[in-house]
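Peer 1: So the chains spell out like this:
Number of protein chains: 6
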Amino acid sequence: MSTTDFAHLSESGQARMVDVGEKTPTNRTARAEAYIDLGRQIAEQLRATGAIAKGNVVDTARIAGIMAAKQTSSLVPMCHPLLLDHISIDAEWEGDLLRIESCVRCTGTTGVEMEALTAVSVAALTVYDMCKSAGKGIEIRSVRLLEKTGGKSGSWQAESGRNN
Amino acid sequence: MSTTDFAHLSESGQARMVDVGEKTPTNRTARAEAYIDLGRQIAEQLRATGAIAKGNVVDTARIAGIMAAKQTSSLVPMCHPLLLDHISIDAEWEGDLLRIESCVRCTGTTGVEMEALTAVSVAALTVYDMCKSAGKGIEIRSVRLLEKTGGKSGSWQAESGRNN
Amino acid sequence: MSTTDFAHLSESGQARMVDVGEKTPTNRTARAEAYIDLGRQIAEQLRATGAIAKGNVVDTARIAGIMAAKQTSSLVPMCHPLLLDHISIDAEWEGDLLRIESCVRCTGTTGVEMEALTAVSVAALTVYDMCKSAGKGIEIRSVRLLEKTGGKSGSWQAESGRNN
Amino acid sequence: MSTTDFAHLSESGQARMVDVGEKTPTNRTARAEAYIDLGRQIAEQLRATGAIAKGNVVDTARIAGIMAAKQTSSLVPMCHPLLLDHISIDAEWEGDLLRIESCVRCTGTTGVEMEALTAVSVAALTVYDMCKSAGKGIEIRSVRLLEKTGGKSGSWQAESGRNN
Amino acid sequence: MSTTDFAHLSESGQARMVDVGEKTPTNRTARAEAYIDLGRQIAEQLRATGAIAKGNVVDTARIAGIMAAKQTSSLVPMCHPLLLDHISIDAEWEGDLLRIESCVRCTGTTGVEMEALTAVSVAALTVYDMCKSAGKGIEIRSVRLLEKTGGKSGSWQAESGRNN
Amino acid sequence: MSTTDFAHLSESGQARMVDVGEKTPTNRTARAEAYIDLGRQIAEQLRATGAIAKGNVVDTARIAGIMAAKQTSSLVPMCHPLLLDHISIDAEWEGDLLRIESCVRCTGTTGVEMEALTAVSVAALTVYDMCKSAGKGIEIRSVRLLEKTGGKSGSWQAESGRNN
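Residue numbers (the working numbering), protein chains in the order written: chain A, 31 to 194; chain B, 31 to 194; chain C, 31 to 194; chain D, 31 to 194; chain E, 31 to 194; chain F, 31 to 194.
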């Protein structure tokens, strides 16, 4: 069997940054999500602090996620550097869960899936950091791609339900 | 109600890096884990490539995770810079799931939980990036702290089962 | 005449990072400020958007300043890396001026003046960036140290009035 | 009233990186300046050290400013990454003031004002750092844009006099 | 005599990032090599550890080199930021010497020679770091460009023999 | 045979950052050197430009090397972050060769050899970049450690001659 399904592996199985020089730049978008399960205790403490504290936890996470998306190719070894055209992050509470969703756009020769996933991952880590003094047992769950458009492989959408 | 449970928020709810100058340096450790659900299709393709490719996916992820742990305070806005004494990352396959576990140690005035969580998060993103050309629908699950020692709050261990 | 007044210059006038290895670690603090003159037009537009927009401009600047303080030794060539214990940034409106003040603390062998100044500089640049689409002619003014404590040279306070 | 004047704020006032994907790449330039008031005492000490020391202070600042311009999108949260075509920094003494001027060029979909302003800000911080052991009370003044060209909004020039 | 042969020096000899805005983007490639002389003792110890250890030293160096190539413009002050299309690193043993070779590709207005050289330099430093506990006297030798293609000056190849 | 001679490899041969938490902080120094062979043609062109250009090439390399030393743990995957107390870089011409020497000091639990080697490597790359428009065939040679002091293994000095 071969390694050809794994673009960042050479024929002999070594890691390399796959060549995208022959690809035509197209508009690319990706959306990703992450869930943070804060647990009942922390969620109630956060609600009790009122709008300002909740807002600042989310705003700090939003900015961290946007800044991290721009660092993706410094963090993930085989990612290509890209000139991102747009990054936004939304967050909404679902009971004791905080759902974070990112949207990333770029005109380039490779997709922005990893940028969208990095954005929600670091935003989720930031929520964790802002809340961890209030209690134990926070868990980041279901970091996944929701949708991508552009590129040779075209559009793709995740099935609607979370797997877990 | 107050914001005092949230160390990185001031009394008026603004984000700030909490003062750890009065704390005594102690030995700190943290272990964290992340699961990557590659799905049946990708897992089989990876197994079919043999030991070299599987090894290179995991080795690349291990190095990415170790390097990311050292960038934690650049990624997570309110994290303190720390001089990490040790970082290691292990990975093991559980069927179609890859489990990644990090261990981080430091002598300092604040814990290394975020470093251990950042290590597994970026290692998991790297596995995702190395495998995404082989199929859709990869999901990172259950990023969580397993154990911490050191500091005023002492030791803590997660309950054994994953929540999801 | 000699270069001995300039600690980062060698006797022959070459730049080098001055040796602080013999100095004893002490508690260090620094406070700095910067003024951003947004002009009447932008300030009124910002006031008209209400609390959320004003808050988000300031919150984004606060986080950018805190993160930049941690990057000081990567930006200013002869600055020593330091383990910062605390960083906070406050902002208040004085008519059409926004005043930003930083407070940085550390236990170390060299002071945190540059970290406090970098924090307010990057926070001010961020306010500029967030507001520049609304009008021209923004000016950052009077970036200066307000106070330092700790170290061999002891405490120092700026005279109260701004010079300009 | 609305947030539409503030491009980096969404309609609901949240920070996001505005989408520049639909804009056509054009040649962009920006020039910015900063003044550093070293005070009489330091300026005289620096003059007394002769050409080498003065040159090294300015050369170190020039390189720091050029390198910082390339980090703008890592420092200012909503700035887009850009491939800068050219960066230069000049410095001239006006009595006890050092005036720093940057020139930045790029072919892209968004302007380089923030890069030019970041360049002079970090160059000024570097002059501050190189001189601070010689005396207190240094002040960075009048960080502002001098000129921009390119892009939909076309050219703009600052009025000639400093405001302060 | 003039400074015109040195593109990163202005007419008055000051460092600046040369303007590449008028150049047409073309496909660029560069290959570079570095030799690491580990000495007899370390080479034998490494051989004695078997395939896994040797593989991990080289794999860690490969990933470090690929990641460093993407940081070239942050490390080398006058280098332009570039969107690299491809990076790969190979290594082969020649007795007690390890030869590292990089290949970098990009579509852009300036060449990728420095990226290829930075890749092998940091890969070589990483081999050094991974082996230095096993013995003294490691030496990195003959870091040089092997070949470049693209750009106004066209193709170039190094003469075949190492100079030393 | 075992991997115990290679501190950054685990018993099973996997890369990890060796644990230095049990080591006592001591004063550490390291000196390293690199030679850049510019070739006759470039060396003569550089001499013809006079003191300013030669000075600016070396000054830019010096600052690049100092800044790179502080990034060592971000570049070399298994290097520990360290608080460097001092960095200096000297350069001297030996005919058509430029010799660069770094000196790094730190109080810590691990040595600064890699920081000294990274400093001269990046300084040499910078000289290369500043001179490459003037001619082909530049070669970086003999990057090696000259001396180290401090730590359990004590002092060490290289033999005087270069090996190549």
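Keep in mind the hints are simulated off the structure, nothing from the lab.
All figures in this text were calculated on a predicted structure; none of them were measured in a lab.
Among these hints, one or two may not hold up.
Because identical chains cannot be distinguished in the list, a pair is counted as satisfied if it fits within a single copy or across any two copies.
[What the hints assert, rightly or not] Only pairs whose alpha carbons sit at most 25 Å apart, straight line, appear in this in silico PhoX-like list of lysine-lysine:
(1) 182 / 166
(2) 182 / 53
(3) 53 / 84
(4) 166 / 53
Peer 1: Return the numbers of the hints above that this structure violates; sort them in rising order.
Peer 2: Violated: hint 3 alone.
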